[in-house]
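Trainee: Protein chains in written order, with the working numbering: chain A, 7 to 177; chain B, 444 to 745.
Bear in mind the hints are in silico, worked out from the structure with no lab data behind them. In this text, a Cβ means the ideal position worked out from N, Cα and C, and glycines have one as well. Be aware that a few hints might be false.
[Claimed, not checked] Covered by chain B, per the in silico footprint, the following chain A stretches (three or more residues, Cβ under 8 Å): (1) 69 to 80; (2) 109 to 115.
[Stated by the list, open to error] Simulated crosslink set (DSS-like; lysine-lysine; CA at most 30 Å straight-line): (3) B:K513 x A:K87; (4) B:K607 x B:K690; (5) A:K103 x B:K607; (6) A:K52 x B:K513; (7) A:K102 x B:K722; (8) A:K75 x A:K52; (9) A:K103 x B:K631; (10) B:K513 x B:K631; (11) A:K164 x B:K549; (12) A:K102 x B:K690; (13) B:K593 x A:K102; (14) A:K150 x B:K513; (15) A:K164 x B:K690; (16) A:K102 x A:K150; (17) A:K150 x A:K87; (18) A:K103 x B:K628; (19) A:K103 x B:K690; (20) B:K564 x A:K103; (21) B:K628 x A:K102; (22) B:K690 x B:K594; (23) B:K513 x B:K621; (24) B:K623 x B:K513; (25) B:K594 x B:K734; (26) B:K594 x B:K513; (27) B:K607 x A:K164; (28) A:K164 x B:K564; (29) B:K671 x B:K594; (30) B:K513 x A:K75.
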Amino acid sequence: MLEKGFIGPIGDDLPSLIPVLLGLVIFSFQPFITFNAFDQRNTEFKTDIDLMRIARVLQSNSYIYSHDKFNELCNEIGTVKLRYVAMITSDAVEGKKVGNIFDIEAFRDSGNLEYICSNTSPPSVHTPAAISDYITVQQASGTKLVSRLYPIVAEDDKVVKPLHLVVVAWQ
Amino acid sequence: MAIKGRGNANLCSPEVALHPAGCKAMGGQAAVTDAMYFILIVTFLSVFLFGFANTYGDSVREQISDEYNKAFATNALKVILYSSIPRDTLAQVQDGEVDFLLALIKEDYSDDGVIGGDERKVLGRAISSILSPIQDTTDYMFYITIPDQKKFVFIYLHLTEFEKVPYSASLKPASSEKGKFYIYKSVKDDPSSPQDDSHLDFFCSVGADDSGSDALLQDIGYDELMAKVTRLVTNVGPTSQASSSIKLVRESANKTFDKTGDFRAQADLILWDAIWLDKTDERPAELFPYKSPSAWNCISVQ
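This is chain A alone, in the form it adopts within the complex:
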């Protein structure tokens, strides 16, 4: 005799299997999504902290008394996983209108020396050097780029000039 409403041991529980499976899928994927978010944030923080460490070494006590001193400070930066370029610029103090960070140019002292510190070798460097020589807008669009700017003074020909230290870092 046919049993009304009875499909079978599995068939009877079929409607319940759908939410159970859906629940299992959500339950399995959620940790992946969460840990991925944690990882991403931690990488961001590490980038920020590394960049600030580079800036702190280069700033020293905010007084750069010679180009040699700047190079000495540059060599004190240990190995970092980031690629970076740090340069002292006079653009803001001289009132130059800079469209974006890539257009910032390096300061040249009275001996025509530029204050640049980087762990990457650009294909070509213009005169004066600019951030765009190290990373272009196109290259930056495919990576996470972080930048910081600090006021700094540099002594040039016995004149203590107010300038800015720009540090740009990317993965």
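Place chain B on chain A using the hints.
Mentor: Just chain B, lined up with the frame of chain A:
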């Protein structure tokens, strides 16, 4: 839980057990209920994890930002105090004889106990150029005080100019002045004009005879002005501050720098995100009187 009776016909009530498929049908319903409970718990856990992941690291980010802002403010103050400027206040820094900015201020102050108009402009220009990279988003105040004498020596205030635009409830600009809510828009600078329309710069705590004009400057005491400055600073939101002790001197009557003319002064730099400082519905008294800056003994920087 509704699991009772599932797969066990013996647990069925006699009435249900009379129907050949009765207990099994109930078992199917119970399984669906269980699955619903399961998905409910999973959803709750997922929402919790999602919320946690979303806010993860917010405090670290805030600390990193605070650290940077503090470092910026400290560096900026050091740079202001270290910088060289030409002795001729109209010349460029590369031209002629140069001196430390602070030395020039000290020298000027020693004569008559006030910073003269030209020196004030030089100091204002130096501060403005050092802080120019952040001037569009950040307002700031630099001041020098002699706390022991309760005296403001110099105040430079950089503010962003906003316009208050009333909006109706349908998110359209209201025709009347009274709107449902307001949006504070920063005034755009006209690139064709040489002057900066989007910002206002002031020298404050200027003596009436030193303003160079007949501006209606009021006689404000140190305590009153300090109370106003404190009210401003405590109401503008998060600030980054840097302070430094400096020394000012004053010539005595016999033209010597004796001990009594040696003051411990203090230079302070305070930065904050640009906000509207005028009256609002919740704030009946403005934080800074844009329309009558003379109430702070302020004159506009030309």
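Trainee: It remains to establish, for every hint, whether it holds in the given structure.
Mentor: Evaluated hints:
1. 69 to 80: Answer violated; 1 residues pass the 8 Å Cβ test.
2. 109 to 115: violated (count 0)
3. B:K513 x A:K87: holds, 26 Å
4. B:K607 x B:K690: violated, 43 Å
5. A:K103 x B:K607: holds, 28 Å
6. A:K52 x B:K513: holds, 19 Å
7. A:K102 x B:K722: violated, 35 Å
8. A:K75 x A:K52: holds, 27 Å
9. A:K103 x B:K631: Holds - the C-alpha atoms of K631 of chain B and K103 of chain A are around 16 Å apart, at most 30 Å.
10. B:K513 x B:K631: holds, 28 Å
11. A:K164 x B:K549: holds, 20 Å
12. A:K102 x B:K690: The hint is violated at about 34 Å.
13. B:K593 x A:K102: violated, 40 Å
14. A:K150 x B:K513: holds, 24 Å
15. A:K164 x B:K690: holds, 23 Å
16. A:K102 x A:K150: Cα-Cα ~27 Å, so holds.
17. A:K150 x A:K87: holds, 14 Å
18. A:K103 x B:K628: holds, 23 Å
19. A:K103 x B:K690: violated, 36 Å
20. B:K564 x A:K103: holds, 22 Å
21. B:K628 x A:K102: holds, 26 Å
22. B:K690 x B:K594: holds, 14 Å
23. B:K513 x B:K621: violated, 40 Å
24. B:K623 x B:K513: violated, 38 Å
25. B:K594 x B:K734: holds, 25 Å
26. B:K594 x B:K513: Answer holds: K594 of chain B to K513 of chain B is near 26 Å, not above 30 Å.
27. B:K607 x A:K164: violated, 49 Å
28. A:K164 x B:K564: holds, 23 Å
29. B:K671 x B:K594: holds, 14 Å
30. B:K513 x A:K75: Satisfied, since the Cα-Cα distance of roughly 25 Å is no more than 30 Å.
Consistency note: the structure conflicts with the earlier hints numbered 1, 2, 4, 7, 12, 13, 19, 23, 24 and 27.
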